[in-house]
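Residue numbers (the numbering used here), protein chains in the order written: chain X, 1 to 338; chain D, 1001 to 1327.
Calculated directly from the structure, the hints in this document are not laboratory data. If you're wondering where the values come from, they're calculated on a predicted model, not measured in any experiment. You may find that some hints are simply not true.
[What the hints assert, rightly or not] Facing chain X, from chain D, some residues (calculated, C-beta under 10 Å): (1) Leu1027; (2) Asp1051; (3) Pro1089; (4) Pro1112; (5) Ala1126; (6) Leu1127; (7) Lys1265; (8) Gly1267.
[Unchecked claim] Listing some non-contacts, in silico: residues in chain D with all C-beta distances to chain X over 10 Å: (9) Lys1034; (10) Val1064; (11) Arg1102; (12) Arg1104; (13) Gly1142; (14) Asp1166.
[Said to hold, decoys possible] Okay, the calculated bits of chain D under chain X, using three or more residues with CB under 8 Å as the criterion: (15) 1069 to 1079; (16) 1092 to 1099.
C-beta atoms are modelled at their ideal positions from N, C-alpha and C, and glycine is treated no differently.
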Amino acid sequence: MAVAKGSDSHLGASVGLSDADLVEMYRYVALARAVDERMWILNRAGRIPFVISGQGHEGAQVGIAWAFERGHDWIAPFYRSIATCLTFGMSARDILTAQYATANDPSSGGRQMPGHYGSHEHNLVSVSSPVATQLLHAVGIALAAKIRKTGQVAMTSMGEGSSNQGDVHEGLNFAAIHRLPFVFVVENNGYAISVPAAMEVSVENVADRASGYGIPGVVVDGADVLACYAAARDAVARARAGDGPSMIEAKVTRLTAHSSDDQQTKYRSAEDLDEGKHHDALPRFRGELRDAGVLTDEIEARLAAEISAAVDDATDYAEAQPDPDSATATRYVYHETD
Amino acid sequence: MAIRTFIDSIRETLADEMRRDETVIVLGEDVGKKGGVFLATDGLWAEFGEDRVIDTPLTESMIVGASIGAAVNGLRPVAEIQFADFIFPAFNQIVSEAARMRYRSNNGYGVPMTIRAPYGGGVHGALYHSQSVEAFFTHVPGLKVVVPSTPYDARGLLRSSIRDEDPVLFFEHKKMYRSVRGEVPDTDYTVPLGKATITHPGSQVTVVAYGLMAHYALEAADRVAEDGISAEVVDLRTLRPLDTETLLDSVRKTGKCLVVYEDNKFGGYGAEVAAIVAEEAFDYLDGPVTRIAGPEVPGVPYNHVLEEWFMVDAEKIADGIRTLAAY
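Please work from the sequences and hints to get the whole structure.
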């Protein structure tokens, strides 16, 4: 979803993106972080009951989502996909109204826990809580895209813990057999709540399993936004050309506890947590863009002001929205002819 | 009007719907060249091609999960689960995903998908080719559950199911596939979901049944008529949503209600029917709401003596009617 043609810096040229693209990508990474941090503040202030966070995943999410065509392609996201959803068209207001479970929360009208995003308008499939089920939905979307010849590509993302579910095997096998336009993204942050990856995954990389399906599997540094973009761009090109699915494993870090109900110092060492902070895409991407001359003081100041205003606006907006009317709770169990 | 077997009616309806609407696809195990293990999809692969008639791996969760995704992206999948007994790997996709998609997205997404599955015993299928699984799904808001008993209803209800905007489980009793015949018009009629029918009018006892048991109930009604007992048979046809109006009207008329189902009795679908009758028609009842259902064993045993012991049949139902009529 290139913002502008042409490339003004070496950095952008290295992956075929313009400087305007790079700035916009950075804006999404920073916006997602700011929205996420606001969620925690609101939780600790007693304004919202629950937070499940995407901090540490944003760079990979923005880099990967950038390779897809917004409003055309499909994403079946998961509960940490705040940056993915923002990049694919949801707004800060959309994310914040989900935290408050307001009547007009576009994800679910206040029916789901926060983190269960979704938007038909933006081709983002509604998230549920059983993990990895969404992979099959994305595979089915890709199947429909192939049958209907829409040219769409479907992506799903999940953590490495979820990747062990049987649905993943069933879906990858089917997608590979039919060479479906499908991209499987694993955001490996090293933990399934408290259990480290070594106790969940029998191989070093989840992507190593791709060979078992006869599809490409690549590992990328999830703090390297443009490497994530490049991997996704290649996977999307393959999918669009009819060459079938791909797997991308982005090694990310989880900067927060699993959720607001978790205390990660109980199972993660201080060294481990500190190392995670050094694997954060936000400062790294910022440094890369500044070094390349793409991000100037002026642009940074503008972005910071915009993001701050957007998060404040979204918070105030969400705070002011009414709760759903309990009289509406029986609606949309089934299709209604309005 | 043409006479059709139950399975012919289903196969022809699938073909009709696929001709009428190019977004209808069929997927499942062996549904392609082979035409399904019961031949319910025979000929579809030849007519509509491998894009629309898809032989899947042995992955029931994928069959349903991918159908959900395909439905989200503009298709109307008709998924076949080869035997209802094998639907459980897909339970999470059906119950956590398909059933809740519309509700949890506040009407953002719907799942227009039909899941067909042969169910039921009496065919030497033993524990894992005989089960009645409807109660697991009738419990779930967001799902519709259909169990036709005649070729006419199979066609009309399958059309309605495929054209419905929500997930429908369509259970076909496998013993009826070739043993039940009936008139099926060549018109594009539908039978609405959620409408029961009275297949045998009577005045003394209401017998509620569905699927194969609807046939046995008719047979039982004929038997007790010889004893001078007038039984009314209500064929539910759709279990969710339940046509409580037809059910309760009948019970209020007869004052007695016998619920028949093939599944084991405890917690089966008939328990809900009995509870509704007790709650809504208590003042009209002249006897206890009773049930004739399968025994409390975890499956239909294979040996023919054991299988006959398990199965509800016309005589067991007739005995139930006689007992209730004499109450």
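Hint check results:
no.: 1; hint: Leu1027; in the structure: holds (9 Å)
no.: 2; hint: Asp1051; in the structure: holds (5 Å)
no.: 3; hint: Pro1089; in the structure: holds (8 Å)
no.: 4; hint: Pro1112; in the structure: holds (8 Å)
no.: 5; hint: Ala1126; in the structure: violated (26 Å)
no.: 6; hint: Leu1127; in the structure: violated (23 Å)
no.: 7; hint: Lys1265; in the structure: violated (28 Å)
no.: 8; hint: Gly1267; in the structure: violated (22 Å)
no.: 9; hint: Lys1034; in the structure: holds (17 Å)
no.: 10; hint: Val1064; in the structure: violated (8 Å)
no.: 11; hint: Arg1102; in the structure: violated (5 Å)
no.: 12; hint: Arg1104; in the structure: violated (5 Å)
no.: 13; hint: Gly1142; in the structure: violated (6 Å)
no.: 14; hint: Asp1166; in the structure: violated (5 Å)
no.: 15; hint: 1069 to 1079; in the structure: holds (count 8)
no.: 16; hint: 1092 to 1099; in the structure: holds (count 4)
When each numbered hint is compared with the structure, violations occur for hints 5, 6, 7, 8, 10, 11, 12, 13, 14.
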